[in-house]
Amino acid sequence: MELLLSGADFNSSPRWLRFHALAVFAFLYAPIAILILYSFNGEGVGGFPPRNLTLAWYRILFADGAIWDSVFNSLQVALAAMVIALAFGIPAALALERTQFPGKALFRRLVLLPLILPGIITGLSLLMLFNVTGTKLSLMTIVLGHGTALISVATTEVFAGLQKLDRAQEEASLDLGANYWQTFWRITVPNLKLPIIGAALLIFTLSMDEIAVSFFLIGRDNTLPLEIWGRLRRGITPEINAVSTIIFLFSLAAIVLWYRLRVRSESGAGMDMAIGRASEASSA
Amino acid sequence: MFSRAYKAAVTLPPLIWVTVFLLVPYLLMFCYSFWSVSAFQTIEHSWNFSNYRQLLRVDVYWQTLLRSMGIAARVTAFSLLLGYPLAYFLSFYAGKKKDLLYQLVIIPLWVSYLVRAYAWKTILGSDGVLNTLLQYVHLTKHPLEFLLYSPFAVVLTLTHIYTPFAFLPIYAALEHIPRNLVEASHDLGATPGQTFWKIIFPLSIPGVVAAATFAFVLSLGDFIAPLLLGGPSGIMISNIVVSLFGAAYNWPLGAAISFCMLVLVVCLLFLSERLEKKWSFS
Chain A
21 MELLLSGADF
31 NSSPRWLRFH
41 ALAVFAFLYA
51 PIAILILYSF
61 NGEGVGGFPP
71 RNLTLAWYRI
81 LFADGAIWDS
91 VFNSLQVALA
101 AMVIALAFGI
111 PAALALERTQ
121 FPGKALFRRL
131 VLLPLILPGI
141 ITGLSLLMLF
151 NVTGTKLSLM
161 TIVLGHGTAL
171 ISVATTEVFA
181 GLQKLDRAQE
191 EASLDLGANY
201 WQTFWRITVP
211 NLKLPIIGAA
221 LLIFTLSMDE
231 IAVSFFLIGR
241 DNTLPLEIWG
251 RLRRGITPEI
261 NAVSTIIFLF
271 SLAAIVLWYR
281 LRVRSESGAG
291 MDMAIGRASE
301 ASSA
Chain B
750 MFSRAYKAAV
760 TLPPLIWVTV
770 FLLVPYLLMF
780 CYSFWSVSAF
790 QTIEHSWNFS
800 NYRQLLRVDV
810 YWQTLLRSMG
820 IAARVTAFSL
830 LLGYPLAYFL
840 SFYAGKKKDL
850 LYQLVIIPLW
860 VSYLVRAYAW
870 KTILGSDGVL
880 NTLLQYVHLT
890 KHPLEFLLYS
900 PFAVVLTLTH
910 IYTPFAFLPI
920 YAALEHIPRN
930 LVEASHDLGA
940 TPGQTFWKII
950 FPLSIPGVVA
960 AATFAFVLSL
970 GDFIAPLLLG
980 GPSGIMISNI
990 VVSLFGAAYN
1000 WPLGAAISFC
1010 MLVLVVCLLF
1020 LSERLEKKWS
1030 FS
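Heads up: the sequence lines are chains A and B, in that order.
Last residue of the first sequence: 304 (our numbering), numbering continuous.
Last residue of the second sequence: 1031 (our numbering), numbering continuous.
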């Protein structure tokens, strides 16, 4: 096949295709490379060529209390959102795979909608809910927003894992006298370990980066993206490049960690799969 | 094999949660869109269509909506133009490097959206990397002002962000095409161009539809990139909503616009679902 397609008579010009691919990769990576490069630039964010390479911006960053407070807030939010999304996303996947009830189609669409809905709509509709119920905006409201929106990610991942699961094990467990609760924790969850870990990593990363929903639900304490956002409005310094570079390295570590896990499993998860599955699920 | 208690235990908690935190808020948004703001800056719970009438009557709203759709359409077109040939190259020609290249497309998806928009701001500004580079190599004498704070900047940034999104479903669709169909077409004497247009492209249409839906819907509702890079001429519909919920303090009117967006998005999803079904071969 390889031979056939790269054969001389298959002349749909892989050369321009190769060039196009190269250009797209350059387009995707150039801004990230420039961002990292200028985090070391002594002369500020712009200006070509970069001059006086320095670590000064990283020193300023490490001494910047407000940034680290916001990082701490974001970590708390991401952890709590992850717990909510998994606590409701896993049962939702079980419900979608194993039960029939009136309104199931609507339920599925509703759960998955935040995956593709612009964040502003999710954020604003929750803002109105909190306003009507007199809930004070805080990190807690952001947790509720992220948790609710990201149930969709947990559900798509776990649903895909369930479809590959052999039900005989669960049946055997039930036949042998274990109750549903025991069967769930001893058979179902261990078999779904990788989809669940994958979903958890993905939810964590997405929550750490989220800005559109948080934008409307923010109280007094900032998350990291909103702290960066606030500074961008006041003017830009390479300190933002420095913190972005660090976020980038952590995201990269999360991806490597995830692909390590994924190589060992057959059921893949990840942002790519979530998107693929969202389009499949919405048309299922 | 599953008892009723089991089914209730897995169904009810998510059902209740989603009802409280998704369905009720959407309905509340719908209610708000019929209310109004009094002279004393309080919400009047009197029901009328004045917000929707205002949307039809005041040009700036639907003009901004049209401009947003124009920007989203351009982002969609560029993302497909960049994403499709890339997906085609990876699926059919990349050989052993396929997996590595695939990961390379995915990595930017994990990089914070805000960080990528910010990176473009530092590149496109009048003292930015691109302008100083152009002056450095004496291609231009003065900074090109149209680069930043323009619809151009918004389209460029959103294309950068949504190209990997567009790539994924197209790549998945191409990977699902049975390779013996391509071989058969080739063996029967079709040229590579004929094989592409008669076999490969039609079979990849569901992926293209999914890709276009993602790129269009997500860029249509964006407000961060326009705020950061758009300037006055790059304002999009969500920016108007943001200001109505902020300084302009007219939640009901903002809710009316948001609800229209919600309806538009749901309609687009139904449409794309039908198109995908129509073109899927299985």
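These are computed hints drawn from the structure, not numbers from a lab.
Model, not experiment: these values are computed from the prediction.
Fair warning: there could be bad hints in the mix.
Within a straight-line C-alpha distance of at most 25 Å, the following computed BS3-like cross-link-like pairs (lysine-lysine) qualify [to be verified]:
1) K846/B with K184/A
2) K756/B with K213/A
3) K184/A with K213/A
4) K1026/B with K124/A
5) K845/B with K756/B
6) K947/B with K890/B
7) K756/B with K184/A
8) K756/B with K124/A
9) K124/A with K1027/B
10) K156/A with K213/A
Chain B is faced by these chain A residues, among others (derived, beta-carbon under 7 Å) [to be verified]:
11) L42
12) G62
13) E63
14) F108
15) L159
Glycine included, every Cβ here is placed at the ideal spot set by N, Cα and C.
Numbered hints the structure breaks, given as an ascending list = The structure conflicts with hints 1, 5, 6, 10, 11, 12, 13, 15, although it agrees with all the remaining ones.
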